[in-house]
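Student: Here is what each chain is made of, one letter per residue.
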Amino acid sequence: GDSVTQMEGPVTLSEEAFLTINCTYTATGYPSLFWYVQYPGEGLQLLLKATKADDKGSNKGFEATYRKETTSFHLEKGSVQVSDSAVYFCAPSNAGGTSYGKLTFGQGTILTVHP
Amino acid sequence: DAGVIQSPRHEVTEMGQEVTLRCKPISGHNSLFWYRQTMMRGLELLIYFNNNVPIDDSGMPEDRFSAKMPNASFSTLKIQPSEPRDSAVYFCASSLGQKDSPLHFGNGTRLTVT
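Listed in order, the protein sequences are those of chains E and P. Per the numbering used here, the first sequence runs over residues 66 to 180. Per the numbering used here, the second sequence runs over residues 8 to 121.
Derived from the structure by calculation, the hints contain no laboratory data. Even for Gly, the Cβ is constructed at its ideal location relative to N, Cα and C. There could be a bad hint or two in this list.
What the hints assert, rightly or not - Have a look at the derived ranges for each label pair, beta carbon to beta carbon: (1) TYR104(E) / LYS85(P): 27 to 35 Å; (2) SER144(E) / GLN24(P): 48 to 56 Å; (3) ARG117(P) / THR91(E): 28 to 36 Å; (4) LYS133(E) / LEU103(P): 20 to 28 Å.
Said to hold, decoys possible - Below, simulated BS3-like cross-link-like pairs (lysine-lysine); rule was C-alpha separation at most 30 Å, straight line: (5) LYS142(E) / LYS75(P); (6) LYS106(P) / LYS133(E); (7) LYS121(E) / LYS142(E); (8) LYS85(P) / LYS125(E); (9) LYS75(P) / LYS106(P); (10) LYS121(E) / LYS106(P); (11) LYS125(E) / LYS75(P); (12) LYS106(P) / LYS31(P); (13) LYS85(P) / LYS31(P); (14) LYS106(P) / LYS117(E).
Using the sequences and the accompanying hints, generate a full structural model.
Tutor: This is how it looks when you write it as structure tokens:
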């Protein structure tokens, strides 16, 4: 079945540091790829997505590029803020015709940014 | 857009009691998903529906768990009887059901079974 491996956390950074959270996946077919963010006490929110190879998703200064050859979708941000402290989830969609948009989530990476 | 609405936000119950969690998806979305989140197991997909029909319930842990979607605007997840190991945050999410459709999550129900 489909699976995803995320960089283990927690990740602790100082404000304005560069962030990378690695994500690799296995999937049959040609999935779309998503990053979600979860703030304390809330549900998951879509951060960005990419739907085909070499697409770059971006939002709020975060970026991730769909790398089909390495089956990766690493999340990056050039300068993190304290408000970026949250849990980040990588998720490929299942490409099968009967999956109806089902997502397989990674284990999540806790990010803490200090002032 | 009101988003996905879940109720209650918090539920505390005693072991053996029946628990019903409720979800109202975003209008127009045709896929609905129930996830469970715990520290130990992360996010687990329990069951999902498309056009109100259950598609895959292989993630439902035991027969004590059941889910229904009687119409396009309402779904329930029921646990009977509840056990302490069912304590978790339960999320409902909905989407347009396509490969590139993002899931929209509710704020979850935090269930505590004592």
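Student: For LYS106(P) and LYS117(E), compute the direct alpha-carbon distance and say whether it is at most 30 Å.
Tutor: Given that 30 Å is the threshold and the Cα spacing comes to 11 Å, the pair holds.
Student: Hey, LYS106(P) versus LYS133(E), does the alpha-carbon distance stay inside 30 Å?
Tutor: Measuring from Cα to Cα gives roughly 16 Å; hence the hint holds.
Student: Take the C-alpha atoms of LYS142(E) and LYS75(P), compute the straight-line distance between them, and say whether it is at most 30 Å.
Tutor: violated, 41 Å
Student: Sort out whether LYS75(P) lies within 30 Å of LYS125(E), counting only the CA atoms.
Tutor: At roughly 37 Å apart (the allowed maximum being 30 Å), LYS75(P) and LYS125(E) break the hint.
Student: Is the hinted pair LYS121(E) and LYS106(P) satisfied, with a Cα-Cα distance of at most 30 Å?
Tutor: The hint holds at about 17 Å.
Student: Starting from LYS75(P), check that the Cα of LYS106(P) is at most 30 Å away, please.
Tutor: Roughly 24 Å between the alpha carbons, so the hint for LYS75(P) and LYS106(P) holds.
Student: For a C-alpha distance cap of 30 Å, please report whether LYS121(E) and LYS142(E) respect it.
Tutor: Holds, at roughly 13 Å.
Student: Determine whether the Cβ-Cβ distance between ARG117(P) and THR91(E) falls within the hinted range of 28 to 36 Å.
Tutor: For ARG117(P) and THR91(E) the Cβ distance comes to about 32 Å; the hint holds.
Student: Verify the CB-CB distance for TYR104(E) and LYS85(P) against the hinted window 27 to 35 Å.
Tutor: holds, 29 Å
Student: Checking one constraint from the list: CA of LYS106(P) to CA of LYS31(P), max 30 Å. Satisfied?
Tutor: holds, 22 Å
Student: State, for the Cβ atoms of SER144(E) and GLN24(P), whether the hinted interval 48 to 56 Å holds or is violated.
Tutor: holds, 49 Å
Student: Can the restraint linking LYS85(P) and LYS31(P) be considered satisfied, given a maximum Cα separation of 30 Å?
Tutor: holds, 15 Å
Of the hints listed earlier, those the structure fails to meet are numbers 5, 8, 11, in rising order.
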